[in-house]
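2 protein chains.
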Amino acid sequence: MSRIFNFSAGPAMLPEEVLQQAASEMMDKDGSGMSVMEMSHRSKFYQKIIDEAEADLRKLLNIPENYKVLFLQGGATLAFAMIPMNFMVNGKIDVINTGVWTKKAIKDAKLYGEVRVVADGEPNGFKTIPDLDSIKFNKDADYVYMCDNNTIYGTKYPKYPNVGDLALINDMSSCFLSEPIDVSKFAMIYAGAQKNVGPAGVTICIIREDLLARTPRNPLPAYLDYRIHAENGSMYNTPPTYGIYICGLVFKWLLAHGGLEERKRVNEEKAKILYDYLDHSKIFKPYADKANRSLMNVTFRTLSEEMDAEFLEGAKKYRFTNLKGHRSVGGLRASIYNAMPIEGVKALVAYMKEFEEAHL
Amino acid sequence: MSRIFNFSAGPAMLPEEVLQQAASEMMDKDGSGMSVMEMSHRSKFYQKIIDEAEADLRKLLNIPENYKVLFLQGGATLAFAMIPMNFMVNGKIDVINTGVWTKKAIKDAKLYGEVRVVADGEPNGFKTIPDLDSIKFNKDADYVYMCDNNTIYGTKYPKYPNVGDLALINDMSSCFLSEPIDVSKFAMIYAGAQKNVGPAGVTICIIREDLLARTPRNPLPAYLDYRIHAENGSMYNTPPTYGIYICGLVFKWLLAHGGLEERKRVNEEKAKILYDYLDHSKIFKPYADKANRSLMNVTFRTLSEEMDAEFLEGAKKYRFTNLKGHRSVGGLRASIYNAMPIEGVKALVAYMKEFEEAHL
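As given, the protein sequences belong to chains A and B, one line each in that order.
Per our numbering, the first sequence runs over residues 1394 to 1753.
Per our numbering, the second sequence runs over residues 1394 to 1753.
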C-alpha cells in the first residue's frame, strides 16, 4: 500500500525519511545490537541520542544559554497543572483566552490561585485572537499565559503581546518548529511533540533559569517539579526514550532541509494555496478571521453540514484522512504541519475544486 | 551487525518478532497508509489498536470486570504522587519499605498525609523482603503500599501480605507480566512498561472501581485525576499512542507463546540457571536473600570491586551489556526479563565460568 495524505490535527504526519530511518534502525541502532527502544537511558549510547536532540533543537531555535530544555511526559494536559504548581508564587496570573486549550489551562490553574482572563476570544467563537494592543496586564501577575496556535479554530497569534517585565508562558504545541521564533521573548515555551515534532508522549519544555529559580508555594512531588527534571537533564526518571529519539531525527531532518526559515517559507506557501482558494470559493468558507489565520490548521466549512459530510465521504477516494473539524466546532479542517508535503495541499485543493464544480 | 544480549534493568530487551513487526509496519500499518505514530488517537484505526491492547492484557492477567485498565504517562515516578493525591481520603497510609522505589513513593506521599512504615527492609540493606506474617496493618489506613519486585537489590515478594479489608496497591513495574497473578487481591496494580512490556513512556494502571469511587481530599487537575482517565478510556488527552501499540504487540507475543503460565516456567528456568551457578561459585556471590530472590533481576558480586570491574570489561568481548549493578548498591546485576532468551542466560553463565576458572 502507498502512503497517504493525512490531515490529522495530531498525532500527525512525520517525514518519510524519518520513518524510514527509524524502521531501518529498529533491530540495531548504529551497531549497538539493539533498538533505541531497548537502550538503558543511563547508557552512553542513549545519552548521545538525547544530547544530540537537545543540541539540534537549540540550533534550530537559537535557544539562549539561560534556558533549560526538558523532554518530559504528560503532554500539554499535564503542563496545565505543572505550570501553576511550579510558577505561581504570589498566586495571581493573567491569561489570554483563545479557546479550549487555554480554558483547560485556566481550569487547572484556578486550583492554585487567582486567574484573571485579561482578554477573551470567546464572544466571537474564538475566530480571532483578541486585540493584543489593548490588553492591560496586571503588574502583580506571576506570569501571562497564552496558547499560540489554536488547532480547533485555526487561529494563530499574528504577533506577541507586550507584557513588559512579566514572564510570558506560551503553549506552542501546534506551531512549534513551524517557523523561527525569538525564544528570549518568553519565560517558558512548551509543546506536545505530536504535531510537528514526533510521536505523542513527549512534551518539550524550554524554561528560562530565573523561572526555575522561583520557589513554589507548596512543596511538589518529584515528577511535578520542573527543577528536578532540569537538574537531572530530563533523566531524573526514565524519559520517553524512543519518542525523544524520533524527535531528534525530526530535528536533524529540519536542519538538513534549511532549518526554520525554510520551513516558514514552505508552510506559508502551503497555507496560501488553501487560503487563496477558500477566499474565492463559492461553497467553501474559511472559519478563522483572516488576520489571525494559522499556517498549521486550516479551518473551513461548506454551505451545510450535509455538504460537509458529503465532502468527507468523497475524500475517501483520494485517501485523504482526518479532514473533519473538531467536534466542538464542527465543519472541516486540514492540518498541514511540517511533514505534509506541498503535493498533499495541491491534491486537496484539486479535490475541493472538483467538488465545488459538481455542486455549483 | 547482530543483535546482542542486553541485561539492562530497563528500558530492556523486547521480543525480536515484535521489533520486526514494528519495523515492517513503520511506513504503513495494515493498509492505513500511515505509521501508527502518525495516527490520530481519535481514529477508528487507533481505537482498534488500544482496544485490542486492553482486551489482550485482560486476557493475559484474567482481569476482573470491576477493574479499569489505563494507559498513562509519567512512569512510576508520577504514580508516586498521583496515588496519594487520588486515594488518600482519610490521610493515613501504611507502606512496606523495600528500597529506593518505595522510599521515593513515601517521600511524595508524605506531602499529602501520614505515612506509616509498617515493615522496613532497610536495616539489612534491602536484601530481604520484611517478614510479612508479623506486620500489623493499621485499620484506618487508606491503603497499603508495596513494590513487588525491587530491581536494585534483586528482591521479590515470595507471597503477598494479608491486609484483610484494606486496599493493597502494588508497584509491579519490574515483574509485571512475568508470571500469573491474582489481580483480585489488589485494589490497584501499576507498572512502567519499560521492563517486560514495551518502550519507556507508558504506565499501565489496573484500578478497582471502588478505589476510583473515592473522593480525593483536594480537587485535582485533570491529568492527575485517575477518574478522568478511566471515564475517557485513557483518551482524555493524547495518550502515548506508539508506545501503547508496542505494548499491544508484546501482549500478542505473550499470548502466542503460552501466556503467563509458560512465561513463569521459562523465567524460573532462566533464573535457576543463574542462581544455581551463583550458589556454588567460589568468586561470584548472590546479593539478595535466597528466600526473596527476583526472577527478573539477579544481583551478585565478585570478591572485590576491582574484580567486578574486570568482569564487566571482559563481558565486552561477548557484547553483553548493562551488567553493572545500580549505582546505589554497586556490584553486578543481570536483568533477565521476558524477552531475554534462555540462550542469553546460558551464554552469560558460560562467561562467568570462564572468568571464574581464570581467577581461581
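Warning: the hint list may mix true and false statements.
Where chains are identical, the list cannot tell them apart; a pair therefore holds if satisfied intra-copy or between any two copies.
[Unchecked claim] Calculated pairs, DSSO-like style, for lysine-lysine (alpha carbon to alpha carbon, straight line, at most 27 Å):
id	residue 1	residue 2
1	K1678	K1520
2	K1683	K1578
3	K1717	K1665
4	K1503	K1717
5	K1710	K1441
6	K1441	K1709
Quick caveat, the hints were computed from the structure, so don't treat them as lab data.
Hint-by-hint comparison with the structure:
1. K1678 to K1520: Cα proximity of K1678 and K1520: one copy only (13 Å, versus 69 Å across).
2. K1683 to K1578: Answer is within; shortest intra-copy Cα gap is 25 Å, inter-copy 59 Å.
3. K1717 to K1665: Within. Shortest intra-copy distance 20 Å satisfies the 27 Å Cα cut-off; inter-copy 56 Å does not.
4. K1503 to K1717: Classified as neither; 32 Å inside a copy, 47 Å across copies.
5. K1710 to K1441: So K1710 and K1441 pass the 27 Å test across copies only (22 Å; inside, 44 Å).
6. K1441 to K1709: between (43 Å within a copy, 19 Å between copies)
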